[in-house]
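Peer 1: First to last, the sequence lines map onto chains A and B. Last residue of the first sequence: 587 in my numbering, with the numbers rising by one and none dropped. Last residue of the second sequence: 587 in my numbering, with the numbers rising by one and none dropped.
Warning: the hint list may mix true and false statements.
Identical chains share a label here; the pair holds if one copy fits it or two copies do between them.
[As the list claims (entries may be wrong)] Mimicking EDC-like on lysine to aspartate or glutamate, the simulated pairs with C-alpha atoms at most 16 Å apart in a straight line are:
| no. | residue 1 | residue 2 |
| --- | --- | --- |
| 1 | 272 | 577 |
| 2 | 546 | 584 |
| 3 | 457 | 335 |
| 4 | 550 | 584 |
| 5 | 539 | 552 |
| 6 | 543 | 193 |
| 7 | 539 | 528 |
| 8 | 272 | 547 |
In short, the hints are calculated from the structure, not lab data.
2 protein chains.
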Amino acid sequence: MEYFDRFIPPKGFKFAGVESGIKSKGKDLGLIYSEMPAKSAAVYTTNKMAAAPIKVSIEHQMASMPQAIIVNSGNANSATGKKGLADAYKMASVTAKKLGIEEKSVMVASTGIIGEKLPIAKIEPAINEAVHSLGVNKGYEVAEAIMTTDTVPKEASVQFEIDNQLITVSGIAKGSGMIAPDMHVPQEMPTAVPAGRQATMLAFIVTDLRANRKLLRKVIERAANLTFNSITVDGDTSTNDMCVLLANGTAGNHKVSIDDKNEELVYKAVLKVCSALAKKIVKDAEGATKFITVKVKGAQTEEDAKAIAKSIANSLLIKTAFFGQDANWGRIVAAIGYSGVDIDPLKLGLSLGEIELVKNGLPVKFASKELKEYMKRDELKMTIDLKLKKAETTVWTADLSYDYVKINAEYHT
Amino acid sequence: MEYFDRFIPPKGFKFAGVESGIKSKGKDLGLIYSEMPAKSAAVYTTNKMAAAPIKVSIEHQMASMPQAIIVNSGNANSATGKKGLADAYKMASVTAKKLGIEEKSVMVASTGIIGEKLPIAKIEPAINEAVHSLGVNKGYEVAEAIMTTDTVPKEASVQFEIDNQLITVSGIAKGSGMIAPDMHVPQEMPTAVPAGRQATMLAFIVTDLRANRKLLRKVIERAANLTFNSITVDGDTSTNDMCVLLANGTAGNHKVSIDDKNEELVYKAVLKVCSALAKKIVKDAEGATKFITVKVKGAQTEEDAKAIAKSIANSLLIKTAFFGQDANWGRIVAAIGYSGVDIDPLKLGLSLGEIELVKNGLPVKFASKELKEYMKRDELKMTIDLKLKKAETTVWTADLSYDYVKINAEYHT
């Protein structure tokens with residue numbers, strides 16, 4: 175399997191990004207189009223205030239084989255009541271009409287400001303423009319069109335072979351603040367309601383793989399849990415988070431189902447793309463100067479490991495200490511203690527990089543000069559060992575800087 | 175009942191604060207002494223990494239009638255292993271010896287830096303000095319001696335009468351960062367272990383009331399839940415949080431028990447002192463420019479109301495928006511949505527001060543100029559109405575400023 179740090183178009187997909195004028199400048203409307211209906215699987219925010227486009231996407235994705243995703247930035251189309259919901263449906267129906275496909279085969283996503291009506295009069299002609307400018311090599315345009323506080327577009331691809339056929343899995347994502355995704359396959363339809371000013375995370379993964387829907391669902395749930403659902407910038411879970419996987423089956427391989435010998439290969443490919451995109455989101459976190467890996471091992475359950483890792487990764491005191499390049503391990507120990515997880519304090523181990531700081535719950539002597547040097551790095555890793563059982567997890571987070579405060583205090587609604 | 179914004183000594187108590195040299199300057203050792211053994215009740219941090227002095231205090235407070243509290247700032251005496259625990263016992267035994275009382279009648283508290291051994295050689299002579307300088311009117315010395323990142327000492331008192339006898343309930347507290355207390359009466363003894371660098375909250379409430387222990391316990395649990403356990407600065411629950419109530423019975427009233435006609439009066443007095451101290455902590459929050467009241471009403475249960483209020487009060491996006499004087503209600507709606515509480519999005523109401531922003535889940539028209547003016551205030555109040563049932567709660571929090579980041583990033587271990 176080969177990884178590419180850019181977007182390689184899988185067979186049968188076309189893309190476009192245009193300027194509709196929702197944002198004062200730059201691309202703000204993206205279109206992903208598959209020449210044939212695609213098998214799909216998706217996870218959506220569990221935020222109880224899920225926004226209108228989330229409702230429309232869930233409805234369409236579950237009822238049909240999606241063939242297009244229309245996405246805008248600059249306006250979240252939320253807190254706009256019935257009109258907002260009608261506008262989200264309108265985005266789908268206009269796109270469908272211009273493409274000559276069914277309305278239900280169009281998914282919709284939005285990210286941006288809230289409480290303002292979607293300027294649908296600007297969007298309609300822009301959809302027309304997008305449809306007419308669709309191109310195989312324009313994935314980067316979609317990556318640009320979905321940026322909000324993002325400073326760089328985010329793309330990743332992998333390629334591998336099944337049945338001697340080349341398979342491409344490629345992804346586009348956005349996200350910078352309001353990042354603490356907790357996305358799952360919905361059990362019921364959410365009520366459409368107001369959302370927050372979004373920095374939201376969106377991820378669109380497309381592939382020419384031939385696979386059945388059950389496999390795609392299993393793969394995206396597993397992969398999202400270990401990647402997008404394992405990152406946090408500020409602990410604020412958005413109302414518009416969405417991660418979609420479309421597989422249009424044009425690669426010509428035999429259909430991969432659950433328990434097929436290639437299941438693991440497909441999973442690893444999707445995981446690699448999700449992982450690369452999730453890391454890019456954290457590296458582009460609002461104001462961040464450090465990428466921090468929090469590994470918790472020796473836990474009784476994966477849930478325990480994740481609760482502790484998230485408690486650490488969301489701690490203001492730890493995030494500000496790391497911004498100050500200070501290995502304040504006392505704050506880490508405190509965050510473990512208030513995570514709510516039952517631990518044995520006298521078994522606890524803690525390392526930063528290769529430097530062991532705590533063993534059996536007590537501080538060990540370490541080379542403070544070496545630690546000081548380590549803390550200057552852009553990428554840091556801490557390992558917590560609970561020494562109870564074998565469960566483990568990894569969470570990625572960022573530090574908290576003056577610029578995070580600046581970005582979020584100086585933004586005005 | 176009369177409230178005083180300062181510390182009025184109840185009968186039979188003496189106080190002292192001295193400079194032991196743990197901190198580079200200023201008072202850092204406080205002593206509270208009752209001329210006779212006192213009935214007591216206390217709540218302690220539920221952080222699983224509870225520090226050594228917490229262990230000693232729980233043991234002594236539960237086994238005996240406390241007669242003294244010895245407290246130091248500048249060193250948390252944590253992450254110091256068996257030596258640290260021995261040092262905490264030593265603080266109690268030295269204090270007991272100098273005062274001529276039982277070791278078990280001395281409670282111990284610490285707040286400050288972690289991972290460094292307690293400089294017990296400096297503390298021993300300072301305890302001697304404190305005992306010799308005990309005075310009735312030196313409560314303010316204790317308030318000063320327990321400060322860490324606090325910028326002002328925190329004191330509050332109330333007076334009222336029972337059986338024509340004047341009763342005084344007076345409190346001293348500290349806290350500024352690492353503030354999200356969750357204190358309860360312990361069900362079992364915690365293991366003594368490392369703690370974090372503490373900004374911790376400590377509160378010592380003393381009264382000359384005559385009351386039985388069960389009443390004191392009921393009163394302090396209720397009062398702490400509505401005050402100290404309802405504040406948050408940064409969501410980081412310290413390992414050393416402690417709130418103690420000592421009642422030495424010298425006021426000469428009949429003994430107040432549970433179901434006594436004066437139970438509610440006593441509760442209100444303790445609640446008033448706790449409430450005043452808790453607000454002082456939030457007003458002195460690290461870097462804070464705003465005091466924010468979050469009221470959630472119409473909830474199905476108090477737990478639901480508190481979960482939503484804490485979700486809002488700990489949201490980085492809301493705290494930074496308020497620092498920027500921006501009423502970003504979308505972020506508030508998002509925080510309600512990810513609190514995990516089941517709500518009806520289409521019933522949700524939200525007001526800032528008297529200005530209604532959201533009704534039935536949809537934004538309402540409001541005077542944006544008026545709202546802009548409101549957001550300039552130092553004290554702000556938001557009211558969330560879930561319109562489900564009658565349960566409600568109030569949480570106090572602060573905004574998040576550049577100075578919070580500065581204070582916590584530039585502090586070096």
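Peer 1: Please write out, lowest number first, the hints stated earlier that are contradicted by the structure.
Peer 2: Checked against the structure, the hints that fail are numbers 1, 3, 5, 6 and 8, while the rest are satisfied.
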